[in-house]
Amino acid sequence: MSQAIVTTQKLCKTFSQSGLQQHVLKNLDLEIREGDFTVIMGASGAGKSTLLYALSGMDRPTLGGIRFAGQDISRMNNDQLAVFRRQNCGFVFQQVFLMDSMSVMDNVLACGLLAGGERKAVAARAKALFEQVGLREADWKKFPSQLSGGEAQRAGMVRALINTPKVVFADEPTGALNSASGKAVLDVLTQVHQNGQNVVMVTHDLRSARRGNRILYLKDGVVCGECGLGSYVGGDRTRHDKLTAFLKEMGW
Numbered sequence: 008m009s010q011a012i013v014t015t016q017k018l019c020k021t022f023s024q025s026g027l028q029q030h031v032l033k034n035l036d037l038e039i040r041e042g043d044f045t046v047i048m049g050a051s052g053a054g055k056s057t058l059l060y061a062l063s064g065m066d067r068p069t070l071g072g073i074r075f076a077g078q079d080i081s082r083m084n085n086d087q088l089a090v091f092r093r094q095n096c097g098f099v100f101q102q103v104f105l106m107d108s109m110s111v112m113d114n115v116l117a118c119g120l121l122a123g124g125e126r127k128a129v130a131a132r133a134k135a136l137f138e139q140v141g142l143r144e145a146d147w148k149k150f151p152s153q154l155s156g157g158e159a160q161r162a163g164m165v166r167a168l169i170n171t172p173k174v175v176f177a178d179e180p181t182g183a184l185n186s187a188s189g190k191a192v193l194d195v196l197t198q199v200h201q202n203g204q205n206v207v208m209v210t211h212d213l214r215s216a217r218r219g220n221r222i223l224y225l226k227d228g229v230v231c232g233e234c235g236l237g238s239y240v241g242g243d244r245t246r247h248d249k250l251t252a253f254l255k256e257m258g259w
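Whatever position you read off the sequence shown (first residue = 1), add 7 for the numbering used here.
The reader is advised that the hints may include incorrect statements.
[What the hints assert, rightly or not] Cut-off 25 Å, straight-line C-alpha distance, at most; resulting in silico cross-link-like pairs (SDA-like, lysine to any residue):
| # | residue 1 | residue 2 |
| --- | --- | --- |
| 1 | Lys249 | Val229 |
| 2 | Lys33 | Ser51 |
| 3 | Lys173 | Lys148 |
| 4 | Lys33 | Gln94 |
| 5 | Lys255 | Ser56 |
| 6 | Lys127 | Ala117 |
| 7 | Lys173 | Thr245 |
| 8 | Lys134 | Gly156 |
| 9 | Lys33 | Gln78 |
| 10 | Lys134 | Phe104 |
| 11 | Lys149 | Ala187 |
| 12 | Lys249 | Ala117 |
| 13 | Lys149 | Lys173 |
| 14 | Lys149 | Glu138 |
| 15 | Lys249 | Ser238 |
| 16 | Lys148 | Gly203 |
| 17 | Lys33 | Ala76 |
| 18 | Lys149 | Leu213 |
| 19 | Lys226 | Leu27 |
| 20 | Lys255 | Asp212 |
| 21 | Lys226 | Met106 |
| 22 | Lys17 | Gly232 |
| 23 | Lys127 | Met106 |
| 24 | Lys173 | Leu121 |
| 25 | Lys127 | Val90 |
| 26 | Lys190 | Leu213 |
Treat the hints as calculated values from the structure; they're not laboratory data.
Please model the entire structure based on the sequences and the hints provided.
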């Protein structure tokens, strides 16, 4: 069994709306293990994104603890969390959230420099990552609004990877893309994982989920099932059938 890089203990998240309490995560104990491409699935409203934001320190739990890379992030203040995220987390969202007043390259450089990187080294890593995700040099100089959806998402992935995070968190990264662009993004995430990076992805898409080696199914704020798929191999029908059978058993 691999060592856990993120663990939760009795994790709870409650939202208040119009005087009513909505319990989204309920006493959740979970381990995210080193070397895994972990996929979180479940019906709409199951708490998938809420869990992702809690694991990454983007949102605070109502109760319970979270240990990430040996540190209790649930006890950190906002400034400490911001520094921790810059040093340990990369984020890929359905919406890219690049700053449109800056070029694509400057978006990435700003992220690396905020984390304390030296400009020359950050720029060299950015160029290597842009080449890895298949963005041409002409695209680096564009503003985000000048890119296609798939290009913008790949630029967002470079930003997510620039600080060599311990975990890349992805929330429905292909949700707004066509099939070709979505496959390109999934190929990059798969390559990132195969190169030794930890990935945690929320998705409702079967094609995306097949890229993971560990599938967690969330229902009513609790992990109610887990499926191991092993290392990703494209075109593996057995992998597809195993995942489909698991999701059917979960009531997906």
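Going down the list of hints, with the structure as the test:
Our distance criterion of 25 Å between C-alpha atoms is met by Lys249 and Val229, whose separation comes to about 22 Å. With a C-alpha separation of about 16 Å, the suggested pair Lys33 and Ser51 falls inside the 25 Å cut-off, and the hint holds. Straight-line distance between C-alpha atoms of Lys173 and Lys148 comes to about 28 Å, which puts the hinted pair past the 25 Å bound. This hinted pair does not check out: Lys33 and Gln94 have alpha carbons roughly 29 Å apart, beyond 25 Å.
Restraint check for Lys255 and Ser56: satisfied, since their Cα atoms lie roughly 22 Å apart, inside the 25 Å limit. Proposed proximity of Lys127 and Ala117 is supported: the alpha carbons are some 13 Å apart, at most 25 Å. For a cut-off of 25 Å, the pair hint linking Lys173 to Thr245 is broken: about 30 Å separates their Cα positions. Between Lys134 and Gly156, the direct Cα distance comes to roughly 20 Å. Compliance with the 25 Å bound is thereby established for this hinted pair.
Distance hint between Lys33 and Gln78 is fulfilled; the C-alpha atoms sit about 22 Å from each other, no more than 25 Å. At most 25 Å may separate the alpha-carbon atoms for a hinted pair to count; Lys134 and Phe104 meet this at roughly 20 Å. For the given pair, Lys149 sits about 22 Å from Ala187 by alpha-carbon distance, which is consistent with the 25 Å threshold. A threshold of 25 Å between alpha carbons decides the hint, and for Lys249 with Ala117 the separation of about 43 Å lies outside it, so the pair is violated.
For a cut-off of 25 Å, the pair hint linking Lys149 to Lys173 is broken: about 29 Å separates their Cα positions. Distance hint between Lys149 and Glu138 is fulfilled; the C-alpha atoms sit about 15 Å from each other, no more than 25 Å. Of the supplied pair hints, the one linking Lys249 and Ser238 holds, its CA atoms being roughly 13 Å apart against a limit of 25 Å. In summary, the hint linking Lys148 to Gly203 is not supported, as the alpha carbons are separated by about 29 Å, beyond the 25 Å threshold.
For the hint linking Lys33 to Ala76, the alpha-carbon distance of about 23 Å falls within 25 Å, and the restraint holds. Taking the CA atoms of Lys149 and Leu213, the gap is about 33 Å. The hint is violated against a cut of 25 Å. For the hint pairing Lys226 with Leu27, the CA-to-CA distance comes to about 20 Å; that is within 25 Å, so the pair holds. With a C-alpha separation of about 14 Å, the suggested pair Lys255 and Asp212 falls inside the 25 Å cut-off, and the hint holds.
With a CA separation close to 35 Å, the supplied pair Lys226 and Met106 exceeds the 25 Å bound. At roughly 17 Å between alpha-carbon atoms, Lys17 and Gly232 fall within 25 Å of each other, so this suggested pair holds. This hinted pair checks out: Lys127 and Met106 have alpha carbons roughly 22 Å apart, not beyond 25 Å. Distance check on the hinted pair: Lys173 and Leu121 sit about 17 Å apart at the alpha-carbon level, within 25 Å; holds.
Taking the CA atoms of Lys127 and Val90, the gap is about 21 Å. The hint holds against a cut of 25 Å. Under the criterion of a C-alpha separation no larger than 25 Å, the hint pairing Lys190 with Leu213 is consistent with the structure, at around 12 Å.
Hints 3, 4, 7, 12, 13, 16, 18, 21 from the earlier list are contradicted by this structure; the remaining hints agree with it.
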